[in-house]
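Novice: Here the protein sequences come in this chain order: Y and E. Going left to right, the first sequence walks through residues 1 to 60 as the numbering used here numbers them. Going left to right, the second sequence walks through residues 1 to 338 as the numbering used here numbers them.
Quick caveat, the hints were computed from the structure, so don't treat them as lab data. None of these values were measured; they are calculated from a predicted model. Check before you lean on any hint, since a few could be wrong.
Stated by the list, open to error - Chain E residues, not near chain Y, derived (Cβ > 10 Å throughout): (1) D71; (2) T173; (3) R248; (4) L338.
Unchecked claim - If you anchor each label on the Cβ, the simulated ranges turn out as follows: (5) D58(Y) - S208(E): 27 to 33 Å; (6) T144(E) - A51(Y): 18 to 24 Å; (7) D199(E) - V49(Y): 37 to 43 Å; (8) G243(E) - T25(Y): 31 to 37 Å; (9) I5(Y) - N193(E): 20 to 26 Å.
Said to hold, decoys possible - Taking beta-carbon pairs under 7 Å as the criterion, some of the chain Y residues facing chain E (in silico): (10) V10; (11) S32; (12) P34.
In this text, a Cβ means the ideal position worked out from N, Cα and C, and glycines have one as well.
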Amino acid sequence: MNEMIITNAVYYNDASGNQDSIKATIDGIEMSVPLAPGNRHYDEIMRQVAAGTLTIADAD
Amino acid sequence: MSKAAELAALIGGTSGSSLSNRNLVINGAMQVAQRGTSAVTITSTGEYPNIDRYSAGGNDSSLISVEQSTDAPSGFEYSLKVTSLAASTTDAADYQFIGQRVEGYNTAQLDWGASGAKTATVSFYVKCSVTGNIPFVIVNSNDTRVYAANCTVSSANTWEYKTITIDGDISGTWLKTNGIGLKFQWYMALGSNFQGTLDQWGTDYGASGQINVCNTNGATFQVTGVQLEVGEQATPFEHRSYGDELRRCQRYYNVTGTSAGHFTPASVGAYGYVLAPMSFPVEMRSAPSMTNTSFDDAGTGSYHGAFQSITTYRYVQEMRDASGNLYGQTINTADAEL
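Can you make the complete structure from the sequences, with help from the hints?
Specialist: Right, dumping it as structure tokens:
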């Protein structure tokens, strides 16, 4: 399977300032992706980050 | 021997099968299609097009479409239909597949990867516009153990019942929790790089001489009544109620919310507006990815997270209509597919 096309990845924090999720556009669809290994979108985001092809922006 | 014992023996009681819940496949009758029923063209990245639990993909885009069809053999109402969108050439590294990833919790009883690995049998109805041997495989989660077999289509455009019995794999890594327990797939195209020997565990996905549905523009491939069970013999398809099958599918994908303004956003904390926590219909396989399909389609909105777990979520976002009024329209999808 070819890789997902992921853009506009940015962390989102909870009210306490802790990272809660990643908002990203995946294959053209805007998604909230949990920080949960085993979630296929999260796993693919981390794979692309490790490969150096994707950067996740910090929360505002 | 009692009638119950006779029936148990008939369906392979001594081989670990069971009277009910013996089908390890979810949505084998292709009933549930929460994403829609119309044809979806498969892109190179693949994904879940329409019929629940079935994924499709390949290394090239726009070679096939997938839809839920009402053409089915007697006893079934639906089938999964693949249509070839071009007379493509299959190069050595090319592939296009349709299939299902089955959760490890559901396949653990096979005990694959251990000395006690059980024999399994897959059965299904197939109808194809071209005749020949179509590649069928069962694969582990990291694609290191593959059992390839022929799905032989003898007569064009005719429903045929097929069974394939697979010796349990005593090697390899087979996940037994909420990851991919196994994958079963039919290949609409399979290049020579993947060809080797059939009917044994290895790394080959097919063999020379098999056909590629994708090589014929307009060719169709349909399948339904998919069953994977413990034992050396296929038993009649285990029909489950629509509601039962829907619940099983919702563990991997579900839609909550409404377009009728049901939700009332409340003013909360620093983020302004928050939806009350919502429960998923069933506990999900893992914390899902969430999409919100309509929260800002009539006005403005800023997103602050979905805060999802395997049981609940709460979208935190401003929700206002074009006039700046609170706007409670939202439909949320949760995706924990494998």
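Novice: Take the hints in turn and mark each one as holding or not.
Specialist: For each hint, the structure was consulted:
1. D71: 28 Å, holds
2. T173: 15 Å, holds
3. R248: Consistent with the label, R248(E) stays out of reach of chain Y, its closest Cβ about 19 Å off (over 10 Å).
4. L338: 7 Å, violated
5. D58(Y) - S208(E): 27 to 33 Å: 52 Å, violated
6. T144(E) - A51(Y): 18 to 24 Å: 21 Å, holds
7. D199(E) - V49(Y): 37 to 43 Å: This hint holds: roughly 41 Å between Cβ atoms.
8. G243(E) - T25(Y): 31 to 37 Å: Once the Cβ atoms are compared, 34 Å apart, the range 31 to 37 Å for T25(Y) and G243(E) holds.
9. I5(Y) - N193(E): 20 to 26 Å: Given about 24 Å between the Cβ atoms, the range holds.
10. V10: 10 Å, violated
11. S32: 4 Å, holds
12. P34: Holds: closest Cβ of chain E sits about 4 Å from P34(Y), inside 7 Å.
In summary, the numbered hints that this structure violates are 4, 5 and 10.
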